[in-house]
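Fit chain E to the known structure of chain U by using the hints.
Quick note, the sequences are listed as chains U and E, same order. So in the numbering used here, the last spot in the first sequence is 308, and the numbers never skip. So in the numbering used here, the last spot in the second sequence is 308, and the numbers never skip.
Calculated from the structure, these hints are not laboratory results. There could be a bad hint or two in this list.
No copy labels: a pair is met if it fits in one copy or bridges any two.
[Claimed, not checked] No more than 25 Å apart at the CA atoms, straight line, and that leaves these computed lysine to aspartate or glutamate pairs for DMTMM-like:
1. Lys46 to Glu278
2. Lys46 to Glu17
3. Lys261 to Glu246
2 protein chains.
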Amino acid sequence: MIDITLLGTSALAPLPERALTSVFLSCGGHSILFDCGEGTQTAARKAGVSLMKTDIIALSHYHGDHIFGLPGLLQTMLSMNRTEPLYVTGPEGLREVLFDLLRLAGMLSYPVIPLSIPDNGLCLRGFIPGFRFDAALSAFPTEHRVPSRGYCFTLSRPGKFMPEKAKALGVPLKLWNQLQKGEKAEFDGVTVLPEQVLGKPRKGLKFVFSGDTAYCGSLIDASRGADLAVYDATYGENGQAELATEHGHMNFAQAADAAKKAGVKQLWLSHYSQMIQEPSDYLQNAAEIFENAVCGHDGLSAELKFEE
Amino acid sequence: MIDITLLGTSALAPLPERALTSVFLSCGGHSILFDCGEGTQTAARKAGVSLMKTDIIALSHYHGDHIFGLPGLLQTMLSMNRTEPLYVTGPEGLREVLFDLLRLAGMLSYPVIPLSIPDNGLCLRGFIPGFRFDAALSAFPTEHRVPSRGYCFTLSRPGKFMPEKAKALGVPLKLWNQLQKGEKAEFDGVTVLPEQVLGKPRKGLKFVFSGDTAYCGSLIDASRGADLAVYDATYGENGQAELATEHGHMNFAQAADAAKKAGVKQLWLSHYSQMIQEPSDYLQNAAEIFENAVCGHDGLSAELKFEE
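This is chain U alone, in the form it adopts within the complex:
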């Protein structure tokens, strides 16, 4: 129900097998791109995902290794004759950065709209035309050297549909699907709300992207119960915790500790420093703390599904 593809896992400079930071999320035929470092287009092609219909680009902060893929992506969307608006969100300073990026990208065939995410999250149904799920995108503050934030994508799962209740209320069969999806049904002047025919809401899905951040409480709070989290794990060594904090990053162990404290199901480590040649050499440092820590790599993908 949510597909996540890790496009780039490098920090600072791109490497042949490690593009700069970018994570692609798709759900219900729509998509969000988290960060867009140089090389994101190529990484997406390698991973077999198309960025052309991305609805929202959510930037964690404006360091070059997270945004320099944007002018090229904007131009490629132009060359594909995109007309749908593209929303771009990010922390404080978005308008200025977007202004510079758009100057470089030049004339486009579609509007690029700075998007502000409400404190309680942006409900995507209604916001993205044609998106019919109860999903929300929210942002949370992180601790980097510049204004920064992480993102949380949640997909709610309606309660079980109770056909006997729909029947009793006289809802025509063709409107059942609407109610199952959490939309109201109207017929013969009667309005039936989903909660009248659905059981208690069931556990949904949650994805968290940390962006660049030091170990911090807001990351743990935002990640509570996430099915999957992609975290900054710039440094591999346990002895680099202080260095990581100083630079507004985490090491493998700190990322694992945050994921454990938040009760995350699975953690993908990412944003590796150039010093890390082989991330798996350091995995033990995370796995000792949190066994469901995985070394992210370009193209790693997962399908998050509702529990049976």
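Showing chain E alone in chain U's frame:
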């Protein structure tokens, strides 16, 4: 004596095995980068060349697929603590584009200097500190949809050194090397010029980069007798000549025809449209006209040497 590495051969959008346009030239421990599309850094790493000490970046024009690798490269040079000035040259409009690129790149540890190339070429000895060869970089107008130009790099070869003349003039042995390289020698108040001890200048080396251009006389004129030329060959089919011209590009056959007319020794075709999946499928269209046409590919390199 001149090393050329083709870094990227794609037009418009990058592909996993085809980065956007960029050609790296190195000579005498110094280097020039022609164009810098997104992904140039990664392409250079794959090709095993370092861009960190590049002296001049020569842009053919300012379409995104030729310049969007610059902000990232500038930042990587910063992260390597570069302090030497970096010169950037290009056609009309350079200052404005550079302004936008530098705004994105942010604070740097070295000056980025817009460079104007004189009509008769820029003599690199003296201009690049420590560069001791008789080499020149010149620009020539091309025909694209925006202000554009190609570049020509020539390395002169002094005449044969005649030791008997040096001896007769009393030049101390330790100054012979200087004279051989085309520099004057001074000793005991005497000045000996290279032409006094050297034979007639011998055939040097010449490299030409077309940038994006339609078939045009200025390209042929600038390419006369080049040892190697990298040409725009956006389209593969012979039937696409008119389309190519309309878009300010060449097809394989036009590129081959220009190289043949210019008496180029070897031609590398490049800047392939996304329509071209396998450039070698179209090579025949060029080879029928000019047998020394080669399909360029990312990482293709050559060492141009003086004739024996």
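Against the structure, the hints:
1. Taking the shortest alpha-carbon separations for Lys46 and Glu278, both the intra-copy value of 20 Å and the inter-copy value of 17 Å come in at or below 25 Å.
2. Taking the shortest alpha-carbon separations for Lys46 and Glu17, both the intra-copy value of 11 Å and the inter-copy value of 9 Å come in at or below 25 Å.
3. When the C-alpha separation of Lys261 and Glu246 is checked against a cutoff of 25 Å, the pair qualifies only within one copy, where the shortest distance is 22 Å, while the shortest distance between copies is 61 Å.
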